[in-house]
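Asker: For the sequence shown, this note's numbering puts the final residue at 217, and the numbers step up evenly by one.
Some hints could be false.
[What the hints assert, rightly or not] The following label-pair restraints were derived from C-beta to C-beta distances:
#, residue 1, residue 2, range
1, Leu128, Pro102, 18 to 24 Å
2, Val71, Leu166, 46 to 52 Å
3, Thr170, Leu124, 18 to 24 Å
4, Leu202, Lys51, 26 to 32 Å
It should be emphasised that the hints constitute simulated quantities derived from the structure, not laboratory data.
Idealized CB from N, CA, C, for every residue including glycine.
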Amino acid sequence: IGSDGIRMFVSSCIRLANPLRTSLQAISYFSMNSRSGRKTKFWSKAFGKYLLVTNTVGSGLLLAIGDAVAQQYERLGESKRAFDFNRSGCMVLTGLAIGPVQHGFYLLLDRVVPDNNRWGILRKILADQLVMSPIYILMFFHISSLLEGKSIAECNAELYEKFLFTWTMDCCFWPGLQYLNFRYFKALYRVVFVNLANCLYVVILSHIKHGFSIP
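Starting from the given sequences, assemble the full structure and let the hints guide the process.
Answerer: So, in structure tokens, the structure goes:
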């Protein structure tokens, strides 16, 4: 093959390669963007249109996870003790009931106290500890106890015995975390952050309720 033939062959390959390369680039672009588009659409719905559902379901699941960890801890000294699925199921239902209350409270709190300066954050933390925290503790003990078959009188007696201790522990656990929550996270993620932190908090709370007696 002469030099002219080689040049013609290379030129034809280049002409063929350019549209092929362009096509591959287009396929790759639209493939990546369609995947990222689907992900973006899912998260925008989860934390937009369906934020209440996200917060409610997350609250139920994460309370169950926290309780499961608490049960594993309690079983360390009792290796033959069976895992109580009914107890964790009660925690799921308790979380599903508390989730909408938390959702509404944090959205309202951001409307009432829109400032994210130090004074605004302090006011939000005080409101959380003086309003949401007692409501959460009351709902947690009453709903979970009623689901376990206890009477109203028994629920009140348990709450009377454990409320002050639980709320004091709550005041030690949450203010620092809530500072991070109110300072650095958008309102959309308030309940998600609280629910994630709840995985540790509910381990303590569930242990107080089921495996710990107040001196």
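Asker: So, for every hint listed, does it hold in this structure?
Answerer: Do the hints match the structure? See the list:
no., hint, result
1, Leu128 - Pro102: 18 to 24 Å, "holds, 23 Å"
2, Val71 - Leu166: 46 to 52 Å, "violated, 25 Å"
3, Thr170 - Leu124: 18 to 24 Å, "holds, 20 Å"
4, Leu202 - Lys51: 26 to 32 Å, "holds, 30 Å"
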